[in-house]
Amino acid sequence: MKTWMKLLAFLAAFAIVVAACGSDDDESTDAGEDAETTETTEATETTETTEATEETEATETTEGEAAGDFTPVKACFVTDDAGVDDRSFNALGWKGVNDAVTSGAAQPDPILLESTSEADYQPHVETCLAEGAEHIITSGFKLADTTGQFAEQNPDVQWTIIDFGSLGPNVTGLEYQTDEAAFAAGYLAAGVTETGVVAVYGGENIPTVSIFLDGFARGVNHHNEAKGTSVSVLGWDVDGQEGTMTGTFNPADPLVRATCESQIDEGADIILPVGGAINLPCGTAIQDRGIEGALIGVDADAFEAAPPEFQDLWLTSVLKGIDIQTQRSIEAHASGQPLGGASFVGNLENEAVGLAPFHSWEDRVSAELADETTQVLEDIKSGAITWEKFAVGG
Amino acid sequence: MTDATSVDEAGATPPPDEGTPPPGGDQPDWLPRITGVGESVGRALLVPALALVLALFVGAIIIMVTDVDAWRIMGEDPLTALGQMLEGVGVAYRELFFGAFGSVRAISETLFTATPLILSGLAVAIGFRAGLFNIGARGQMFMGGLFAVWVALHVELPAVLHIPLAILASIIGGGLWGGLAGFLKARTGAHEVITTIMLNFVAAFLVLWALKTSVFQEEGSNLPQSARLAESARLPPIFGSEFRVSIALFIALGAVFFIQWLLFRSTLGFEFRAAGSSPRASTYAGMKVPLLYTAVMFISGALSGVAGATMTLGLPPYSVTSNFPGTIGFDAIALALLGRSHPYGVLWAGLLFGALTAGGRTMQAAAGVSVDLVIVMQSLIIIFIAAPELVRAVFRLKPIEEGPTQMTKGWGA
Amino acid sequence: MALELRGITKQFPTVLANDDVNLTVEPGEIVALLGENGAGKTTLMNVLFGLYSPDAGEVVIDGEPLELGSPGASIEAGVGMVHQHFMLVPVFTVAENVILGLEPLKSLDWIDRSAARRMVLDISERFNLAVDPDAMVEDIPVGVQQRVEIIKVLVRDARYIIFDEPTAALTPQEVDEFFSIVRGLKEDGKGLIFISHKLNEALEVADRIVVLRDGKTVGEADPKVATEGQVAELMVGRPVDLVVHKERADPGDVVLSVRNLVVLDDRDHAAVDGVSLEVRAGEIVGVAGVQGNGQTELVESITGIRPSLAGKVFLAGEDVTFEDPRDIHRRGIAHVPEDRQEAGLILDFTVAENMVLDSYYDRPFSRGILMDWGVATESSQRLVDEYDVKTTRVDVPVSTLSGGNQQKVIVAREFDREVKLVIAAQPTRGVDVGSIEYIHSRIVQERDEGAAVLIVSSELDEVIALSDRLLVMFKGKIAGEFDPAAATTTEIGLAMLGSGPDND
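Here the protein sequences line up with chains A, B and C, keeping their order. Taking our numbering, I'd label the letters of the first sequence as residues 15 to 408. Taking our numbering, I'd label the letters of the second sequence as residues 44 to 456. Taking our numbering, I'd label the letters of the third sequence as residues 8 to 511.
It is worth saying that the hints were derived from the structure and are not from the lab. This structure is a prediction, so every number in the text was calculated from the model and none was measured. There may be inaccurate statements among the hints.
According to the in silico footprint, chain C covers these stretches of chain B (three or more CB under 8 Å from chain C) [as the list claims (entries may be wrong)]:
| id | segment |
| --- | --- |
| 1 | 315 to 321 |
| 2 | 340 to 353 |
From the derived model, a few chain A residues whose C-beta atoms are all more than 10 Å from chain B [stated by the list, open to error]:
| id | residue |
| --- | --- |
| 3 | Glu132 |
| 4 | Pro137 |
| 5 | Thr160 |
| 6 | Ala266 |
| 7 | Glu275 |
| 8 | Glu280 |
| 9 | Asp326 |
| 10 | Asp385 |
| 11 | Thr388 |
| 12 | Gly397 |
In this text, a Cβ means the ideal position worked out from N, Cα and C, and glycines have one as well.
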């Protein structure tokens, strides 16, 4: 009826298009960041030294297998309802799939199926099968039932499930004893804290989250026993196996920041938040309050994986090599190795978990404490330090 | 502004020059406009249909603009690039269509996805009819689902009794949760938008906690996941176990007809609609509006609760995790808007969203178009519905009313 | 030198709102533009003010053609409009409101404020508009707020000023003050258009009366010689009887008895503060008073909508103080609420739905929980015919009816049963002349059939004409009782202001 109305309509459409492009750009930036951080899991027990490789193509990895040895398989990746941008296991698993593409083990353009609800799991797996996928990677324990059921019905297809044990002869389970590295991180944090209070919180009290909290708290206690300190840990009760949970993995939820702030209010200066990007609001809170505090990252080296404005905040990160093992699982399949349906349990020993370098906190960790932390890692590996490890899997 | 005032400006059939404020008491005067309460059927259908066309069009533009490969060759060979973009759109929409309707499985998936959407959409729609903005479908789904799962795990009955009992439990669970918000509004005036949002959180944490207790958890597991539900409580699939669509679809259809009957044939529905259009006039007419708020929120919550039951009792592999409502509770609001708060409208809207979601999965796999596009398109449809002038402008429809609405609305008298 | 509208035609989708309308206003002249609701007055003025573009016709101001469809151009050309609903920001001062929207728009810093104060003071002195520039708008009475609106128009150097229903919200005293302001403006050489449907006011203040009907100018009248009856006939298109015809009342038993009633308003003030009154079968008792003196709360309390704090209400000897609206309705009360559109009707509901709004729950309109829309529709059709409601069908939204016909829907619904007591608040507010006549006659008919009738109205003429006995309410109390046949308007008007004989 009026020209300006029409104009408005087109402006609205244009704005939407631009917004869509914008978000697309973000994604490509994310992918770039991911590529830069690919080497992180290599940084295992060597907490002091970084492999100073300034590579962008870091994915020429693993045990000298030449790309030519692979018969590329068609891979299909199904996320759980957190989606692929969770800055956690989904993101790392998808990166592992892409790394496998780079190494030649997987065919180009692997299929990514993002779930937005639990109702998506089954159709997504069915879609993978319908598209002729040879290797289906399902991410997270929530997909376990569906994976088990369809793996049984499709014995010729190879499966990898992240954060869950093997579900059959054709399913590789990827599990991580991350409490080993978290233990060392707790020891380190207890040595660094100025206030004598450190804290942890998680997204949900599920094993893959709580395992970090449990190991960390035990590491702090170990420091107290070994050094006679009395550092207290907020957010996890080792005896009760209960802790502070935000109940959400959505960093935008105000509850996340509030959880972190209440721990700061109680004096915590070193905090380990576990659950995708829920550590970022905590970083903002530390910056806003101007306290001399630090965060400990999880899964990947947060110094490189997280947005650069938080770089000063990472004391270290508890590394969990989901990307590496996902890639290796596909590579094993592509190189024709027998798979046998084993559960791979990553630990310090096999270097699938580890501790990241201190980066910007290097100066604030005494050489003595750094050495002690390295020693703790060694002692866990050798069994000199041991405890009732957190049970992985379901 | 209400239609009434606009008509006044048109000089056609005016209320008095006296100019009483728009009707609706304490309700926002945009609510009827966006929810479509009180408009004719023809008008109710036209705008959503055109909104869908527009959304598909804008979606096509998005697919084209985000076709990175095509942009790379745009410089040298714009024609090929453009062709490639158009082909991308074609493939995406073809997959969208086939994924929604192209096979028995596709149709099953469309219907399966639509089922809880229809139920929760009805829940929000009946709230709109009574002038209440129920944002709490998610929480009510949680509670309904939780109650149903409890019955499924702890009661032993043959399926003919077990399923109805579990559904009844979901009605009670969701109904109480919704009714609580209605009761709070009736007794204390607490706004239902606030209370239902907050109750969503409470319900989510309650379910999270419950799934970690031995009441629901599988023995020996430490995952927040329920044990496998008893076979007798699982909603039987209609087309065999290979396809997910279950008898829940019939429950949803039954609910559509029931709500239609309730709203337009029963005295209670008359009261709901009256309270929704003008709480003040309803009070004057002797209706107990606070009681009606509680009642309508119970019914609304019960519908959401049944939606929660379909996402637990009807979702293979029949073990329940902590996010079984997914985004349905919020999609429900969009559905009620799209369906113009009319039960049949919600039915069609639910089928449309079900088709978009089911088709979107296939599109994601086969055309490599992110599933986000489906969400963007659903959002666009809603935006276009909320701005019907936009749709009318684009399609050069004759406006319902001409000229600016009363620009002289003051607060004076 | 004049403002001329020539051949204005404006077509809306369903209605020809203005059909070749001509109107001229000269400086120093007051023209009253009269017409029923929907006659096209508002449309015409919106064309003049630039809110609508006409399909044909032109506007010429002092010889210059006006650019149509642009409020800015109209203001520039010296046209000002004082809207019926004021466009003031309640939490701003008078001065702030006056400079709001003035070009160039500056931030409200102290220089602007002091300039604004001066501006307000200058104008209020020059035109005798007593206003405190520093008062908060929310704290000043409606009549003074209207002056602020007038000042806003004058600040913009308007030479022709449109007043849209300016007296609708004013008390009788404020109306008098308003008229003196208007005359002052006229003497200053402003050309004024006075839109109204109140005949007496138009006759009192205007130099010339122009009547619109169905979008056309149907005639002019000279206020000095024309009578209300003649003007009303022009407006309605047929002879109208403006006098209420009724026999002497023959009061019977007491039907409604209110004793020492105390009712709180929404802000917990005692709006009704110890009222006692009685209404007998076969008599009409009028309650007059300036609006906001507790009449609304009194009616709401008697009808059960608003709880009372103290006192008793008896209906035919039975205590109904704590009964709810439905129970009271069932006892045979017909209630015509003062707020027709918000309390009396549901505007998006159909005529039929509104006809059963307070009786839907019972036979014959429902059986159990099932509505019988067939019966409801038939019954509505009968009432529409019987009560002369002008509507095409009973299944159209009641909002499509004119104000008078909407009111007839309420009257039909309420009167169509055994009625013991009629309570009608502002029964003819915003109702066209033709419908007023009809509604008044129905009320008298109810009385003659033996009902007790309580009329609450702020239109003094109306209560005087209808009532057999007249009470005046002031500040929550009954401030006087009058025999409407004997008392003078002045006496009653004084009581309405709290200085009546019974009030010290």
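Results for each hint:
no.	hint	result
1	315 to 321	holds (count 4)
2	340 to 353	violated (count 0)
3	Glu132	violated (6 Å)
4	Pro137	violated (5 Å)
5	Thr160	violated (6 Å)
6	Ala266	holds (14 Å)
7	Glu275	holds (18 Å)
8	Glu280	holds (22 Å)
9	Asp326	holds (33 Å)
10	Asp385	holds (36 Å)
11	Thr388	holds (32 Å)
12	Gly397	holds (25 Å)
Hint compliance for this structure: hints 2, 3, 4, 5 are not met, and every other hint is.
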